[in-house]
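Chains as they are written, first to last, in the numbering used here: chain A, 1 to 382; chain B, 383 to 680.
Hints listed in this document are in silico derivations from the structure and should not be mistaken for laboratory results. No residue lacks a Cβ here, since even glycine has one placed at the ideal position from N, Cα and C. Possibly wrong hints are sitting among the right ones.
Some, not all, of what chain A presents toward chain B, calculated at C-beta under 8 Å [claimed, not checked]:
id	residue
1	Val145
2	Thr182
3	Asp212
4	Val245
5	Leu247
6	Gln270
7	Gly343
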Amino acid sequence: MDLFEYQGKQFFASFDIPVSAGDAVTTVDDAVAVAERIDDYPVVIKAQVQVGGRGKAGGIKLAANADEVREHASKIIGMDIKGHTVNVVWVEHASDISEEYYASFTLDRSAKKHLGMLSAEGGVEIEAVAETNPDAIAKIWIDPVDGLDEATARSWVEAAKLNPIATDGAVDILLKLYRAYTEGDADLTEINPLILTPENKVHALDAKVTLDNNAGFRHEWAAYEATQERDDREQAAYEADLQYVGLEGSVGIIANGAGLAMSTLDVVNQVGGTPANFLDVGGGADAKKFVDALTIIDNDPRVRSIFINIFGGITRGEEVANGIVTALGQIDIASPIVIRLDGTNADEGREILKPHLSDKLRMEPTMLEAARAAVELAGASA
Amino acid sequence: MSIYVDENTKVIYQGLTGSQGRYYGLLNRDYGTNVVAGTNPKKAGTDIEGIPIFASVGDAVAETGANASCIFIPAPGVRDAIIDAAEGGVEFIVCITEGVPAQDEAWFFNKLKRDFPNVTLLGPNCPGIISPGKCNIGITAGHIAQEPVDGKPSVGIVSRSGTLTYQALYELKLQGIGVTTCVGIGGDPVPGTSFIDCLERFEADPETSAVMMIGEIGGSAEEEAAEFIKHKMSKPVAAYIAGQTAPAGKKMGHAGAIVSGGKGTAAAKVEALVDAGAKVGANPTEAGDLMVEIVHSL
Chain A
1 MDLFEYQGKQ FFASFDIPVS AGDAVTTVDD AVAVAERIDD YPVVIKAQVQ VGGRGKAGGI
61 KLAANADEVR EHASKIIGMD IKGHTVNVVW VEHASDISEE YYASFTLDRS AKKHLGMLSA
121 EGGVEIEAVA ETNPDAIAKI WIDPVDGLDE ATARSWVEAA KLNPIATDGA VDILLKLYRA
181 YTEGDADLTE INPLILTPEN KVHALDAKVT LDNNAGFRHE WAAYEATQER DDREQAAYEA
241 DLQYVGLEGS VGIIANGAGL AMSTLDVVNQ VGGTPANFLD VGGGADAKKF VDALTIIDND
301 PRVRSIFINI FGGITRGEEV ANGIVTALGQ IDIASPIVIR LDGTNADEGR EILKPHLSDK
361 LRMEPTMLEA ARAAVELAGA SA
Chain B
383 MSIYVDENTK VIYQGLTGSQ GRYYGLLNRD YGTNVVAGTN PKKAGTDIEG IPIFASVGDA
443 VAETGANASC IFIPAPGVRD AIIDAAEGGV EFIVCITEGV PAQDEAWFFN KLKRDFPNVT
503 LLGPNCPGII SPGKCNIGIT AGHIAQEPVD GKPSVGIVSR SGTLTYQALY ELKLQGIGVT
563 TCVGIGGDPV PGTSFIDCLE RFEADPETSA VMMIGEIGGS AEEEAAEFIK HKMSKPVAAY
623 IAGQTAPAGK KMGHAGAIVS GGKGTAAAKV EALVDAGAKV GANPTEAGDL MVEIVHSL
């Protein structure tokens, strides 16, 4: 789960990482009120969208007084940035900047250790620094059992060649950022830029945080969950507890298992179609799961046909077939459906489906043939 | 032969008293797996259909001589369950549970490596492991796996995906091709056992003649496996990579299946495997056909 900048700053603040005093608001009047309360102009008004390039798009503006706050906030709230509507702006005191650094923690899947990256060249895309000047990034690999201690953090900061004046402040922030990453159950904590002010203070000017959804059980993340950007299809799938990813094509996909679902997208593409979604209906043969999955897919205006791809393992073919038949008895599906059923007791499952076959419900013996049929139907009913 | 587990493997089910643990534990016993014990600190002294329940893995090992465990504990308890198993003295731990926090996975992977170097962890978030005819630990349907056939070459399977593994087992069975061991390493970011761990064992196993490998997008485990295949393997490999059309930045069901920052794409993985001399299918069926072709040419 990706947090908005303002949530990232709140998350950081809960680990005592210094961020600028500020607040998130949804109206122009509230933006002015926050600026007046901060009472330290200039302030900066920042559009809260989860997409890069918001500065260039006019989503970040400085304001020297309340009138300018009103002027900029009214332009930014409601603005569209690369397809994302700005509903929230963050207002904070505009910091004076002497130097800009970069700091982050993430998992190195290959090394199976935590990776810390620190650079004296902050404020720009770290990928660009990695490309043009890789030596400017000081990396450390941290064994999760050991954690990060102060001495290690200090030599890391020295290796990154930050301004020596910034050392103590940077060490302090890095230790806290590591805590936020591990105890906070983040997949990524990133500060870019981490700044040194003319007063020789170090603090986080931005906050990029990705939380690990698997760890939600031990945190209070309801407020973050509530603001996740999902389209209507994804919201419905989230509420039905289905593994769903919305795509742009015309063939709706249902498969049992994440690997098989991914593979189904591949095959639909290979035969010239475009998938409308990824959907893993999971193991088991619960009719309700199929009702939810079929409803979400059929409500998608992009969808012209639906491909149900089932491989029976411990859940047998006839159980899944019964689940599908029950589901289809409960709802009316507009798009034609193609089913491929294979694996354990596939023959028994196919027998159960046979009496229900029609123009709207076809069955094909293999994944490829079913994909071809679904793609053809998507074209025919377009 | 088989890798990791065989007819001598004695298994403890951590979470045997829960609904999933009971269901699969008993199915595994029906298959022929030596299911010798379950654990639940609150139900020690009771039994599940004749399988004794102990308070800890240590107690169960002392009493039954078990050498493996299978975890069906809900995600919040997995970290403790894995340490309980390692301290209890088993050498092979299969963790079926999905939804384990990545921080926990990174921690216990390194903890095991340091303090319990003889312990192998498979998973979390994996379907388990089956050596057909000998031992089945986890949620694989045993009857879709073909036992090695005397005098004919057999294959080993290693996979990040559950259903695609079942499909591979099934297609090989239809062709009468036996499987020595099928290992589901799971779809999480820090799998306890990697492709390379399995490839190394398959290469060393005299009964395994070829290997089928099923990968997916995300991370670089397939590229690392390709390096191993290129330089260290003499046995032929057929492979499939799921997610060739997955969009960047979206997790495709599995926590580890994500293309991020242009890394972990299927195209890069396929290229590395082809370069290593593996036969890579464009879809699971084609990969299965390639495997059959390889076996028939042996």
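Index of numbered hints that the structure contradicts, given in increasing order: none
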